[in-house]
Amino acid sequence: MSAPVLQVRQVYKHYGDAHVLNGIDVEVDDGQAVVLIGGSGSGKSTLLRCVNLLEVVTDGEIVLEGEEITDPRVDVDAVRRRIGVVFQSYNLFPHLTALQNVSLAPRVVGKIGKAEANDRAREMLARVGLAAHADSYPDRMSGGQQQRTAIARALANEPRLLLLDEVTSALDPELVGEVLDLIGELKAQGMTILMATHEMGFAHRVADEVCFLDAGVVAESGPPEQVLDHPSNPRLQQFLSRVLRH
Amino acid sequence: MVSDKEAWRRSFRRDRRRKSTLVAILSTIAFAVVVWLGATHAPGWTSARETFLSGHQFRHDTPDILRGLLIDLKLLVICEPCILLLAVVIATLRTSVSPVLAPVRIGCALYVDLFRGCPMIILLYLFAEGIPSLRLHHVTNSALVWGGVAIIVSYSAYVTEVMRSGIQSVHPSQRAAARSLGLTQRQTLRLVVLPQAVRNVIPALLNDFVALQKDVGLISIVGAVADAIQTATADNDASFNFTPFVIAAILFILLAAPSGRFADYYARRALRRQQAGVVV
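Chains as they are written, first to last, in the numbering used here: chain V, 1 to 246; chain A, 1001 to 1280.
If we strip away everything but chain V, and leave its shape as in the complex, we get:
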């Protein structure tokens, strides 16, 4: 058993009086998919932002592959290169084609040649089923296609860990499936994933562990059958009944 890819230990994040994270513990092992669930304001997005070093933690530590990345001496850019992030609102660069979106980072960050970067980008786009859309601009693609391009872009740096922040929340219902299927495939291929989502069915099928966040702590965690089907925490029971009712 190798060491976990990601360890979040007793992380606090306070914005003045707003205490968003209050001593949170999460671990993601190699090849695992850990799903964060919880109401809005429970701290899911903040946790993901802390892991990607977009936020400075108020206390606690985050360890990536044995290296403490909350140490102020770490090279932030080098850490971020090892982590792929996909946002809820895609955030594709509108002035670049799908291919250019995907090849940009390998070209300028990874310092590989343009031809090689383009080859790799084509490969990534094929992997997400968008080989035919390489030369399309984001505004000519559907939301699902844009989000899959964003996933390809995150994968192009060959990250050790993929962070997904409610990546299907902005999509039309009929487009959600194609993105979730893709994430399921990535997981099957061995990608290590930490994601926040409201798709309980998907969490049930794909997650190795589900963490219920409430008031900035992990209120309950475990395998999906246990957490989603037999919740013991009353707040979680309440949350699930609200999410699953409609």
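Don't read these hints as lab results, they were simulated from the structure. Using N, Cα and C, we set each Cβ at its ideal position, and we do this for glycine too. A couple of the hints might just be wrong.
Unchecked claim - DEER-style ranges, computed between Cβ atoms: (1) V:Glu67 x A:Val1035: 42 to 50 Å; (2) A:Arg1186 x V:Lys111: 52 to 60 Å; (3) A:Arg1273 x V:Ala126: 36 to 44 Å; (4) A:Ala1109 x V:Arg160: 54 to 62 Å; (5) A:Leu1191 x V:Val108: 52 to 60 Å; (6) A:Arg1010 x V:Arg81: 24 to 32 Å; (7) A:Phe1052 x V:Glu67: 54 to 62 Å; (8) A:Ser1169 x V:Asp77: 28 to 36 Å; (9) A:Arg1186 x V:Ser142: 36 to 44 Å; (10) A:Pro1203 x V:Val108: 22 to 30 Å.
Based on these hints, arrange chain A on the given structure of chain V.
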């Protein structure tokens, strides 16, 4: 209470901040010393100092030039609101869609082309010298008033375009949302579009305001107005010493500095609001 680890991190960051500040101070001092030595060791330094930085001239001319600066300030305080008002009105008319207003739109476009295209110095001559020379009845011949008008028309042509870009930067869905609530075209513009438009272009407006603070000094070319630059010119004519211009320059810079800082502060605040605490 924080953990030992966090306490260490904070002290580490504090040390690093202190070190950065120290480096900044040292590099500033070193830079200043180099500039100072470069200037004082130039072959013509002694005579240049007497011509441009004469202590006697400083003491003698500063009060006069300060009095002149008051005229510039007065001009600024009167011109700026007129410019903004005119710019909002013209920009609004230019972005209107009603077919009836087509001639007005053409007129506005002409206004902008004419007054933005014409150098401000020529506008100042035409207004402040040309109009009084017509000797119209019941119309003031004051060079100050007509100079002010020249500044207003020139600047309002620029600011109109800033306002127009602001109006066009408001997403069409905002207009659609307002109209679907039953607001009229005009209410939509006044209550929904313009407030957002102005907020979007405040940095550009501040930039134009800082530019105007010194461009009001161009009124000195009219001659009859004893503003700061005109006063300095007169002092220079009398003494053949350029120190009065340096004094005027320092005063204009001091006048512009607070607006510059405010523009920086405003831009920082807007950025902070937009990224909500993100450190990138």
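Structure versus earlier hints - violations, ascending order: 5
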